[in-house]
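Novice: As a plain string of letters, each chain reads:
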Amino acid sequence: MEFFDRFAVPHPSPLIYASMVAIALTLIAVVIGITYFKKWGYLWREWLTTVDHKRIGMMYIISALLMLFRGGVDGIMMRLQTAVPENSFLDAQHYNEVFTTHGIVMIIFMAMAFIIGMMNIVVPLQIGARDVAFPRLNAISFWLYFAGAMLFNVSFVIGGSPDAGWTNYFPLAGTDFSQSVGVNYYMWALQISGLGTLMTGINFIVTILKMRAPGMTLMKMPMFTWSALITNVIIVFAFPVLTIALLMGTLDRQFGTHFFASTNGGMDMLWANLFWVWGHPEVYILILPAFGIYSEVIATFSQRNLYGYKSMVGSMVLISFMSFLVWVHHFFTMGHGPLVNGIFSITTMAIAVPTGIKIFNWLLTMWKGKIRFTVPMLYSIGFIPLFTIGGVTGVMLAIASADYQYHNTMFLVAHFHNVIIPGVVFAMLAGLTYWWPKVFGFMLNERIGKWGFWFLSIGFCLAFFPMYITGLDGQARRMYTYSEETGFGPLNLLSFFGAGLMAIAFILIVFNIYYSFRNSPRNVGQDPWNARSLEWATHNPVPEYNFAVTPVVNSSEAFWDSKKNGHNLFPDKFEKIHMPNNSGVPVIMAGFFFIFGFSFVFSIWIGVILAALGIFGCMAYRTFENDHGRYISVEEIKETEKKYGGAK
Amino acid sequence: MKLKLAFISFAILLTTFLAGCEPLLVLDPKGPQAETTANVIWISIITMAVIVIVVISLLIFMIYKYRASKQGEDYEPPHIEGNPLVETIIVAIPVLIVIFLSIVSVKSTYEVETVPEGYENQEPLVIYAASSNWKWHFSYPEQDIETLNYVFIPTNRPVEFRLYSYGPITSFWIPQLAGQKYAMADMVTKINLVAETPGDYVGRNANFSGEGFAENTFTATALSNEEFDKWIDEIHSTAEPLTEEQFNKLLKPGHLGQMTFTGTHLDFAPAPEGEHAGHHHGDESEDETNTEHEDHSNH
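For the record, the sequence lines run as chains B and E. Going by this note's numbering, the first sequence opens with residue 1, and the numbers climb by one from there. Going by this note's numbering, the second sequence opens with residue 649, and the numbers climb by one from there.
The set of hints was computed from the structure by calculation and includes no laboratory data. Ideal placement from N, C-alpha and C gives every residue a C-beta, glycine not left out. Hints may contain errors.
Unchecked claim - Only some residues are given here: those of chain B computed to face chain E with a beta carbon under 7 Å:
| hint | residue |
| --- | --- |
| 1 | Thr217 |
| 2 | Met219 |
| 3 | Arg304 |
| 4 | Asp473 |
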């Protein structure tokens with residue numbers, strides 16, 4: 001029995017028991033459902049073993065929406081708990097777990113997955129490639145992310161959630177102050193999915209540098225691809241820092257080292273530094289692809305080319321470089337004197353300059369345009385003022401002396417939600433709506449989409465703007481409750497109301513997918529948005545080989561040129577196409593990684609050893625596997641193209 | 649236009665709220681340090697408001713003037729690559745703003761890190777503030793007293809708080825007197841502040857430190873010099889001395905009310921500074937270590 005005690009939740013509550021039952025029932029229902037409809041084979045052949053970038057992208061995005069739900073529920077619980085003074089909906093420990101998981105789930109398992117999903121679907125199409133450079137590695141990336149996400153999500157029903165904040169500062173996150181296995185989960189879930197992200201980074205850099213269509217020089221790449229390239233460069237530089245920091249944290253917690261301890265030569269500040277050396281570039285990993293999406297959407301719906309293409313690229317390169325030079329602003333209050341703080345204060349504010357250039361370039365893209373207010377465009381238009389407010393409060397936070405007053409308060413919470421929601425979430429929803437017909441061949445309903453946009457925007461303003469005020473009034477973040485005398489009550493209630501509107505927006509967005517799946521007409525044609533970049537030069541939905549003939553490109557808006565200026569995108573004839581084979585190894589390997597992580601969390605060494613053998617076994621299998629892919633014959637291509645009703 | 653009006657009325661509403669009847673703690677300073685930061689915050693709010701207004705006005709202009717429904721069916725937007733002059737302007741203006749704010753930032757950061765102007769000649773009152781889960785221990789080495797979860801300070805005299813922690817990183821914060829600073833287990837950090845108005849001020853740990861974090865608060869009371877001295881004398885005649893055994897009991901996780909002792913824990917449990925600092929490696933001579941530490945806390 002003693003063996004099983006470790007799996008008990010150290011701090012149970014009716015909510016957690018209810019979730020356990022709900023999870024168990026859902027799992028049983030899913031398994032029964034798949035068995036009843038005899039879909040196991042389909043699931044295995046078409047999805048679990050796929051190496052197709054579009055399907056992997058879809059799986060990323062479906063996972064991201066699931067995680068958005070999980071993180072959103074966490075968020076609502078926090079707002080509900082703080083809606084009125086002295087509320088007792090959650091106790092302190094439970095609240096601590098909820099805000100910790102909210103942060104991790106939203107950043108790592110929602111936003112990152114959404115972004116990488118978007119890149120997976122769009123980047124190969126935008127550069128006219130058949131797939132990414134290493135399709136099977138791409139599948140491994142996804143399944144490692146998925147294993148990490150699942151590992152993180154079982155924490156609250158088996159063994160307990162992490163409770164030291166998403167920043168996980170030591171010594172609070174050390175075993176002295178956080179005894180449950182929660183933080184072990186943090187270490188391993190992030191480690192496993194982080195490895196996946198690092199592989200994605202390498203994969204996409206190679207893809208973009210080596211697999212562009214003929215004629216597409218670097219300066220003729222569509223802006224989203226540019227943003228993806230730069231993002232992946234940041235990933236490759238930043239994620240190894242996280243890998244090592246997590247490893248050191250694991251050693252501290254499970255093997256008694258003292259890297260981050262305050263005794264025996266350890267240094268608690270080291271964690272904060274390593275975390276933010278990764279963490280701040282991470283912020284730009286999130287926002288740059290979003291900038292790329294806005295660039296595509298604003299140009300398309302203003303019916304104009306992107307203003308200042310070169311300065312857009314230049315500003316992104318500059319941002320990526322500077323993102324590594326500002327991490328200290330996350331702890332100005334750690335006691336390094338005015339000189340260090342002054343330097344990092346200036347570098348931080350300097351990042352606002354390239355960001356400002358981008359804002360003005362988007363505005364100038366609309367200038368003399370012909371603006372259509374579609375759902376993706378609404379999100380982009382909403383993004384500009386809201387993100388500007390988030391950006392300028394960031395500049396306010398960058399002033400070190402003033403930061404001593406904003407730090408750790410709701411002002412900060414308001415700021416980073418103000419950049420992440422209108423920045424990243426709006427972009428993902430814009431991109432989802434914009435590229436939806438590309439993937440599925442039908443449009444999302446515009447009317448429901450617009451309702452979703454308005455609920456989300458207004459809900460966002462109501463939920464987060466009051467926090468600027470309570471922050472200046474001295475409300476520290478991460479407090480599970482406050483007394484009535486503080487006067488924080490009314491504004492927090494308003495926040496809760498705003499969070500409710502955002503929840504409605506989420507329901508509308510998901511309902512829209514269902515509604516459009518049932519009702520939208522299926523023949524949207526090739527170009528439903530009057531778009532500009534290369535991904536629209538192939539059919540909707542995209543055939544598995546993407547382009548029947550490799551396109552030849554002469555500008556960053558190749559498709560627009562072919563429509564308006566008579567540029568011939570496809571001068572070549574059909575040829576047989578080389579495609580990679582599906583493989584079950586990635587998903588099996590990720591399964592071993594899950595077992596490895598889970599066993600490690602609980603220090604069950606036999607499980608760790610067996611899972612490690614499994615992982616190495618998968619690698620060995622791959623090493624000796626003789627798989628040269630397959631060919632799609634010219635006849636097959638012709639047949640498929642005929643089905644789409646056009647010769648291209 | 650409607651949007652613009654709505655925005656302006658919102659801005660007015662916001663400013664009245666911010667400056668209104670019940671001032672926000674951070675913007676209601678009671679000492680020179682907090683006053684500096686409050687001024688800096690107002691300067692930055694105003695500068696930033698200008699930027700936000702410009703961007704929103706431009707956006708409204710663009711979407712109003714260039715919306716598709718307003719243009720002819722056959723209007724074909726032109727191809728515009730970019731213009732060096734325009735692009736120089738959109739770089740130059742943000743650069744100027746950033747330079748201005750950088751100066752404000754660096755200058756004010758130096759100001760709030762040192763003894764406030766006009767108080768340099770006075771001997772500062774040194775108070776050690778140590779956090780433990782989830783309490784604050786205040787030691788007055790000169791006056792030889794120790795308090796728990798409350799601190800009395802004289803007005804118009806510089807006070808030097810020396811911060812450290814028994815446990816997780818915490819952040820010492822009295823919003824109306826000065827910005828916050830971390831308290832850590834292996835070193836001592838400092839806050840210099842002056843209270844100019846007598847009164848009770850909210851103080852708290854602002855950095856998440858576990859289960860009892862929300863209630864990890866204290867009261868800072870500023871008294872006139874005479875009252876402060878009277879209070880010290882009173883404690884020496886009424887309070888019990890603090891023993892090591894008792895102090896170790898106080899350190900146990902939990903919440904305790906306000907308590908008062910004579911003597912300080914510094915005698916038997918010195919602060920992590922000088923030779924007791926966490927990064928002290930023990931080999932150097934005493935003098936060297938001290939200078940090394942001085943450097944450490946000053947930069």
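Novice: Determine for every hint whether it applies to the structure shown.
Specialist: Each hint tested on the structure:
| no. | hint | verdict |
| --- | --- | --- |
| 1 | Thr217 | violated, 16 Å |
| 2 | Met219 | violated, 12 Å |
| 3 | Arg304 | holds, 4 Å |
| 4 | Asp473 | holds, 4 Å |
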